[in-house]
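Taking the hints into account, I'd like the entire structure generated from these sequences.
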Amino acid sequence: MNQFTAGLFLLIFLALPPVANLLESIMVVHMHMQMPLLVIAGFLMAKLVQERFPVFFENWNSNGVPGILLFIIIMVYWMIPRTMDEALTVQSVAIFKYISLPFLAGIPLRDSWKKLGDKSKNALIISFTVMFFAMGLLYIMSPEQLCNNYLIIEQITLGWGFITMAACAVVYLIYSAVVDPSDYV
Amino acid sequence: MEALKLNFQDKTNKALGINEEDALITKTYMLVAFTALLIGGTLGLLQGLNRAGLLELPVWFNYYQVLTAHGLLLVLVLTAFFTIGYFYAAMSHSLGGLLPKVRKMAWIGFGMKIVGFVMAVIPILLNQATVMFTFYPPMAASPWFYIGLVFIVLGVWMCAFGAFIQVANWRKNNKGQHLPIISYFATGVFVLLFFGSVPVAIEVLYIIPWSIGWIETINVMLARTLFWAFGHTLVNIWYLTALSAWYVVVPKIIGGRRFSDTLTRLVIILLVIMNIPGGFHHQIVDPGIAESVKYMHVFMSLAIGFPSLMTAYAMFSVFEKTARKKGGTGIFAWFKKLPWGDVRFLAPMIAMIAFIPGGAGGIVQSTNQLNQVVHNTLWVVGHFHLTVGTTVVLTFFGISYWLIPYVSKRVLTPKINKLGVITTLIWTAGMSFMAIAMHWVGLLGSPRRTSYTTYADNATALSWDPYLMFLAVGGTLLMIGVLLQVYAVVHLMFFAPKGETEFPIADVEDNASKTPMWTESWGRVVVLLLLLVAMGYVIPLVEFIGNAPPGSPPFQTW
Amino acid sequence: MKKNWHTPFALALVLLFGLSLFYIGTDGFKAYTAETARVNSLIENQPQFPEVTFEDSKGRVYPVSEFDGKYVFITFMYTYCSTVCPILEMNMGQVYSQVPEEYIGEDIVFLSISFDPERDDPVTLAEYTGHFNADGDTWRMARINDQEELDSLLEEFGVVVIPYENGDFAHNSAFYLVDREGTLIDVMDYTEIGEAAERVNTILENDKGE
Numbered sequence: 191m192n193q194f195t196a197g198l199f200l201l202i203f204l205a206l207p208p209v210a211n212l213l214e215s216i217m218v219v220h221m222h223m224q225m226p227l228l229v230i231a232g233f234l235m236a237k238l239v240q241e242r243f244p245v246f247f248e249n250w251n252s253n254g255v256p257g258i259l260l261f262i263i264i265m266v267y268w269m270i271p272r273t274m275d276e277a278l279t280v281q282s283v284a285i286f287k288y289i290s291l292p293f294l295a296g297i298p299l300r301d302s303w304k305k306l307g308d309k310s311k312n313a314l315i316i317s318f319t320v321m322f323f324a325m326g327l328l329y330i331m332s333p334e335q336l337c338n339n340y341l342i343i344e345q346i347t348l349g350w351g352f353i354t355m356a357a358c359a360v361v362y363l364i365y366s367a368v369v370d371p372s373d374y375v
Numbered sequence: 296m297e298a299l300k301l302n303f304q305d306k307t308n309k310a311l312g313i314n315e316e317d318a319l320i321t322k323t324y325m326l327v328a329f330t331a332l333l334i335g336g337t338l339g340l341l342q343g344l345n346r347a348g349l350l351e352l353p354v355w356f357n358y359y360q361v362l363t364a365h366g367l368l369l370v371l372v373l374t375a376f377f378t379i380g381y382f383y384a385a386m387s388h389s390l391g392g393l394l395p396k397v398r399k400m401a402w403i404g405f406g407m408k409i410v411g412f413v414m415a416v417i418p419i420l421l422n423q424a425t426v427m428f429t430f431y432p433p434m435a436a437s438p439w440f441y442i443g444l445v446f447i448v449l450g451v452w453m454c455a456f457g458a459f460i461q462v463a464n465w466r467k468n469n470k471g472q473h474l475p476i477i478s479y480f481a482t483g484v485f486v487l488l489f490f491g492s493v494p495v496a497i498e499v500l501y502i503i504p505w506s507i508g509w510i511e512t513i514n515v516m517l518a519r520t521l522f523w524a525f526g527h528t529l530v531n532i533w534y535l536t537a538l539s540a541w542y543v544v545v546p547k548i549i550g551g552r553r554f555s556d557t558l559t560r561l562v563i564i565l566l567v568i569m570n571i572p573g574g575f576h577h578q579i580v581d582p583g584i585a586e587s588v589k590y591m592h593v594f595m596s597l598a599i600g601f602p603s604l605m606t607a608y609a610m611f612s613v614f615e616k617t618a619r620k621k622g623g624t625g626i627f628a629w630f631k632k633l634p635w636g637d638v639r640f641l642a643p644m645i646a647m648i649a650f651i652p653g654g655a656g657g658i659v660q661s662t663n664q665l666n667q668v669v670h671n672t673l674w675v676v677g678h679f680h681l682t683v684g685t686t687v688v689l690t691f692f693g694i695s696y697w698l699i700p701y702v703s704k705r706v707l708t709p710k711i712n713k714l715g716v717i718t719t720l721i722w723t724a725g726m727s728f729m730a731i732a733m734h735w736v737g738l739l740g741s742p743r744r745t746s747y748t749t750y751a752d753n754a755t756a757l758s759w760d761p762y763l764m765f766l767a768v769g770g771t772l773l774m775i776g777v778l779l780q781v782y783a784v785v786h787l788m789f790f791a792p793k794g795e796t797e798f799p800i801a802d803v804e805d806n807a808s809k810t811p812m813w814t815e816s817w818g819r820v821v822v823l824l825l826l827l828v829a830m831g832y833v834i835p836l837v838e839f840i841g842n843a844p845p846g847s848p849p850f851q852t853w
Numbered sequence: 000m001k002k003n004w005h006t007p008f009a010l011a012l013v014l015l016f017g018l019s020l021f022y023i024g025t026d027g028f029k030a031y032t033a034e035t036a037r038v039n040s041l042i043e044n045q046p047q048f049p050e051v052t053f054e055d056s057k058g059r060v061y062p063v064s065e066f067d068g069k070y071v072f073i074t075f076m077y078t079y080c081s082t083v084c085p086i087l088e089m090n091m092g093q094v095y096s097q098v099p100e101e102y103i104g105e106d107i108v109f110l111s112i113s114f115d116p117e118r119d120d121p122v123t124l125a126e127y128t129g130h131f132n133a134d135g136d137t138w139r140m141a142r143i144n145d146q147e148e149l150d151s152l153l154e155e156f157g158v159v160v161i162p163y164e165n166g167d168f169a170h171n172s173a174f175y176l177v178d179r180e181g182t183l184i185d186v187m188d189y190t191e192i193g194e195a196a197e198r199v200n201t202i203l204e205n206d207k208g209e
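Protein chains in written order, with the working numbering: chain A, 191 to 375; chain B, 296 to 853; chain C, 0 to 209.
Please keep in mind that the hints were generated in silico from the structure rather than gathered at the bench. Be a bit skeptical, because a hint or two may be false.
[To be verified] If you anchor each label on the Cβ, the simulated ranges turn out as follows:
hint, chain 1, residue 1, chain 2, residue 2, range
1, A, V266, B, I460, 41 to 47 Å
2, A, T279, B, Y590, 55 to 61 Å
3, A, V360, B, E795, 47 to 53 Å
[What the hints assert, rightly or not] Dumping the calculated DSBU-like pairs for lysine-lysine here, alpha-carbon to alpha-carbon at most 30 Å:
hint, chain 1, residue 1, chain 2, residue 2
4, B, K470, A, K311
5, C, K57, C, K69
6, B, K467, A, K304
7, B, K632, A, K304
8, B, K632, A, K237
9, A, K311, B, K809
10, B, K713, B, K632
[As the list claims (entries may be wrong)] Heads up, incomplete: computed chain A residues facing chain B, CB under 8 Å, no partners named:
hint, residue
11, L198
12, V218
13, T347
14, G351
15, T354
16, C358
17, Y362
18, Y374
Note that the coordinates shown come from a computational prediction; the quantities given were computed from them, not determined experimentally. Where is the CB? At the ideal position from N, CA and C, for every residue including glycine.
The following block contains the structure:
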């Protein structure tokens, strides 16, 4: 099974109504499992797309910056509380979710990642870490219900999900700063 | 220069066998492990006889004390000491001898574990820690019991860090090379040992002030969750240890090559990453976790079955290939070409076969509805006597027949080999009687962790009795097995004829493709592990802490 | 070397796309939560109070036309609620006491609507009026027995009610103000009592002045 099929299969699997309902019924799973999996689906499918349209990516994403910017925009967009709600209640937004995350975030991420330098990569990870800490605090501290479809306790859970993910990113950053892989490999 | 020296050391190590100081570590760990087997096994027999209604235990050493000690000795002491002793020998062998620093750490770790163990055992003997081996609140033991556990965990950490230092040092001196496969297994096991025991360390540090009385109540659900994050990981650490022997050692013993190196390493990585959140399937009937969350966790737990299926495929592929090379034919007839008379093969082979029903039973009981039928019945006890008591322990037995001669610089004589084969068969028979009867009577409703009672001659309870009799039969057979095994271990360690025994590590196939270098990136593996743990635990933990029910004061139910 | 114009152009395009996405997604950077968006659109669209039949704490049954010609100050609640509803009702009571007495009953009626008709029968509601010193006439508490009518009202006024375990509901809370013609004219933050009272009084005064 090549990567494209795997990605497509994953996308279809995630879009199946029972799977989607289950994942979307828990706020933190909706944001931190379903959405990243959709990005991964696109990431996997990217290979074939890159092979089919090499010139397109070469021309329009030569240094990786437009692609990564598109990725950031899509990711940030789906972190807005309102989009989470509307993905559940407004059909067009739901469809947009299944299209934007794989195709406008997953594919550009894969194409851009290799083109970026080490510094840009680290800068990206650091900024997402900071953003995750901020979003985590927002969701934990917010006294009011930010999403009408989820309870306050789920919102706090999501906040901690953000914080723990950011903490993992910090572990990774420290690891890559302290350990020089060329010492070992 | 450094590398050259190391290379030299490596060669002497392989030519002359393990050096004395490293051997002493493993020998000591093995002695403790098999002493634990002897005492723990005896206690097991007492329990079996009690459950069959044949033996009334005295008031000063009751059924629940016996059960606590049996569990502690066999699931903590035997396994931990065996695993650490085995992998330290493996690292010594494959990484050019242990560093003096690491050796010292292994001894400090040993001391801490022994101190901790003694501290935990005394309250058990005094009947002040009869909490059984899944120590979760609100049952509270004497604080000393928990302080002892802290020491055991710290001792294990010491050994884990020793292993990390050893591995990092080797990699620095052997750039561009893959970590030898057996040490790769060791790394996976020690990573899991460390991260898996973090939750239980937190739990115990929370329990201690509560059992002393400094804090009045404890959050029971939180404590249980922390316990199982550790408990299930521990189970899989033994499994991973057994896997190392299956993948690396068994192919060499049958005279074959081992299965794809990449796949082996992938299996290790998957098991390390996916393990810790797996603990939730022990809490399927617990309150406080939404059904959808449980459902996802079961999905997650069953995902661990995937590497197991890959393993099953890999093992049988190796067997068939080797047997056919030796002239085996037919669809199944090649089976006869396998060295069934060699205990070093027979024991792990039966262990693997036992894992087929063992794993299937595991899948059954991690299903919500079916779990409700068998939860806290003898079924579960039957399950882990099949997986741990048979699969893991028989693999350990199989390992002991070459590992102990290897560290004691002696040889396995045909006589002891024969004794080993007999031990294996007796063990298999004993466990079959016991495990099958336990599964069956569990389905009929007989509870676990309950001393013999007829419930005032209730008809249902009386109908369990014939099955419970098998527990006594199995227990007796197992006791014979324990005695034979301990005899073999002592003999191989101190009395067998002197000679060279090799550490059997199979080679990969000649035409094997190169293993990709990403498999060496343990940092990334650990980050992924943490990420999965974070995702798996954030929902229930926030729920348990945020919507905490009133806490519970300590209870002594015995 | 030929300068690659594609990349800067792509960058600009992506930025433009992002900007419009966020602009559309947040109604022009105004609403970052669905709740704000809901309130904004309610105020903008001014939906009509749908046809429903009430049964109040005194057991009286009447259609919505009962309130024709009067402003209605509305909250949505259920009496079993132990978290936000008591606060909501208490705050409502404070608004009630800050409205000049001359308007009460004449120009404005306070109405607490239960969305849990199964348990909130007139007896329960009557008991609940007692907790907040509501007289049952100028401040009424009522249920809507017909589930379809209730749903249409909740839908029309954008009240989200999620039942969860133990018979509790998660729901959004606000003060709703309906004018003499039955049109929703404002949705107010229920925690800002002073602000809400001021707004109600201004509307009533202006109305009188005309």
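Quick rundown of the hints versus the structure:
At about 42 Å, the CB distance of A:V266 to B:I460 agrees with the hint of 41 to 47 Å. Checked against the hint of 55 to 61 Å, the C-beta distance between A:T279 and B:Y590 comes to roughly 24 Å, which is inconsistent with it. Between A:V360 and B:E795 the C-beta distance comes to about 50 Å, which sits within the given range of 47 to 53 Å. Restraint check: the Cα-Cα separation between B:K470 and A:K311 comes to about 25 Å, which is no more than 30 Å; the hinted pair holds.
For the hint pairing C:K57 with C:K69, the CA-to-CA distance comes to about 20 Å; that is within 30 Å, so the pair holds. A C-alpha spacing of about 27 Å is found between B:K467 and A:K304, which places the hinted pair at or below 30 Å, so the restraint holds. For the hint pairing B:K632 with A:K304, the CA-to-CA distance comes to about 51 Å; that exceeds 30 Å, so the pair is violated. Among the hinted pairs, B:K632 with A:K237 is inconsistent with the structure: their alpha-carbon atoms are about 46 Å apart, more than 30 Å.
For the hint linking A:K311 to B:K809, the alpha-carbon distance of about 29 Å falls within 30 Å, and the restraint holds. A threshold of 30 Å between alpha carbons decides the hint, and for B:K713 with B:K632 the separation of about 18 Å falls inside it, so the pair holds. For A:L198, the interface hint is violated, the least distance from its beta-carbon to any beta-carbon of chain B being 21 Å, above 8 Å. With its C-beta approaching chain B no nearer than about 6 Å, A:V218 sits inside the 8 Å limit, and its interface hint holds.
Proximity of A:T347 to chain B holds as hinted, the smallest CB-CB distance being about 4 Å (cut-off 8 Å). About 5 Å separates the beta-carbon of A:G351 from the nearest beta-carbon of chain B, less than 8 Å, and the hint is met. Interface hint at A:T354: satisfied, since its Cβ lies 4 Å from the closest Cβ of chain B, which is below the 8 Å cut-off. Hint on A:C358 holds. Least Cβ distance to chain B is approximately 5 Å, under the 8 Å limit.
The restraint placing A:Y362 at the interface with chain B holds, with a minimum CB-CB distance near 5 Å, inside the 8 Å limit. Using the Cβ-Cβ criterion of 8 Å, the hint placing A:Y374 at the interface with chain B is satisfied: the shortest such distance is roughly 4 Å.
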